[in-house]
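Read in order, the letters of the sequence shown are residues 1 to 118 in the working numbering.
The set of hints was computed from the structure by calculation and includes no laboratory data.
Nothing here was measured: the structure is a model prediction, and the numbers come from that model.
From the three backbone atoms N, C-alpha and C, an ideal C-beta is built for every residue, glycine too.
Heads up, some of the hints might be wrong.
Unchecked claim - With a straight-line cut-off of 30 Å between C-alpha atoms, the simulated DSSO-like cross-links for lysine-lysine are:
1. LYS52 <-> LYS103
2. LYS51 <-> LYS81
3. LYS46 <-> LYS103
4. LYS103 <-> LYS67
5. LYS55 <-> LYS81
6. LYS52 <-> LYS81
7. LYS67 <-> LYS55
8. LYS81 <-> LYS67
9. LYS67 <-> LYS46
10. LYS60 <-> LYS81
11. LYS60 <-> LYS103
Stated by the list, open to error - Label-pair restraints from in silico Cβ distances:
12. ARG25 <-> ARG45: 25 to 33 Å
13. LYS81 <-> GLY22: 38 to 46 Å
14. ALA109 <-> PHE48: 39 to 47 Å
15. ARG49 <-> LEU71: 38 to 46 Å
16. ARG45 <-> ALA114: 26 to 34 Å
17. CYS91 <-> PHE113: 21 to 29 Å
18. PRO27 <-> VAL69: 19 to 27 Å
19. GLY115 <-> CYS57: 25 to 33 Å
20. ALA109 <-> PRO84: 46 to 54 Å
21. GLY22 <-> CYS91: 40 to 48 Å
22. ARG24 <-> ILE82: 36 to 44 Å
23. VAL53 <-> ALA77: 18 to 26 Å
24. ILE108 <-> ARG24: 52 to 60 Å
25. PRO27 <-> LYS52: 29 to 37 Å
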Amino acid sequence: MAEETGTTQSPSRETSGGSDRGERRPPRPGGPGGPGGPGGREGGRKYFRRKKVCKFCVEKIEAVNYKDVRLLAQFVAESGKIVPRRLTGVCTPHQRRLSTAIKQARNIALLPFAGRPS
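Kindly generate the complete structure, drawing on both the sequences and the hints.
In structure tokens form, the structure reads like this:
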């Protein structure tokens with residue numbers, strides 16, 4: 001019928017095959033939440049993540065001293081980056097003081113800017 005009227009129709013999006021919008025994907029084998037989440041591994045124990053507590057709050061350390069290199073080195077990764085608080089469990093105020101102390105220790109060459117402190 002398109003040849004009779006002289007107009008051409010463009011192919012529809014549904015037949016192009018490039019778009020998968022609107023189509024549902026099959027569920028992942030691990031279930032919701034990945035391998036350790038609900039519906040995850042069969043027969044195994046569920047993974048329990050322990051709530052991390054702030055080391056400074058537990059030991060009642062208010063001021064983080066920039067000269068205490070052994071303490072500061074625990075919060076610096078091998079690459080030299082400051083480890084984020086979601087991994088260390090340090091509370092927000094102490095993480096701020098800790099990062100300031102690490103930066104001060106780096107500036108006076110007690111800690112290296114890159115690499116693991118020895």
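Measure nothing beyond the straight line between the CA atoms of LYS46 and LYS103; if it is 30 Å or shorter, mark the hint as holding. violated, 40 Å
Given the hint that LYS55 pairs with LYS81, does the C-alpha gap stay at or below 30 Å? holds, 19 Å
Taking 30 Å as the top limit, are the C-alpha atoms of LYS52 and LYS81 close enough? At roughly 20 Å apart (the allowed maximum being 30 Å), LYS81 and LYS52 satisfy the hint.
When you check the alpha-carbon spacing of LYS67 and LYS55, does it fall within 30 Å? holds, 18 Å
C-beta pair LYS81, GLY22: status relative to the range 38 to 46 Å that was hinted: Cβ of LYS81 to Cβ of GLY22: about 42 Å, so the range 38 to 46 Å holds.
Given the range 25 to 33 Å, decide if the beta-carbon distance of ARG25 to ARG45 lies inside it. Holds, at about 29 Å.
Does the alpha-carbon distance linking LYS60 and LYS103 stay inside the 30 Å limit? holds, 22 Å
Between the beta carbons of CYS91 and PHE113, is the distance compatible with 21 to 29 Å? Holds - the Cβ-Cβ distance for CYS91 and PHE113, about 26 Å, lies within 21 to 29 Å.
C-beta pair ALA109, PHE48: status relative to the range 39 to 47 Å that was hinted: holds, 42 Å
Distance restraint evaluation - GLY115, CYS57, Cβ atoms, bounds 25 to 33 Å: holds, 30 Å
Within 46 to 54 Å: is that where the Cβ-Cβ distance between ALA109 and PRO84 falls? violated, 24 Å
Does 29 to 37 Å hold as the CB distance between PRO27 and LYS52, or does it fail? holds, 32 Å
Violated hints for the displayed structure, listed by number in ascending order: 3, 9, 15, 16, 18, 20.
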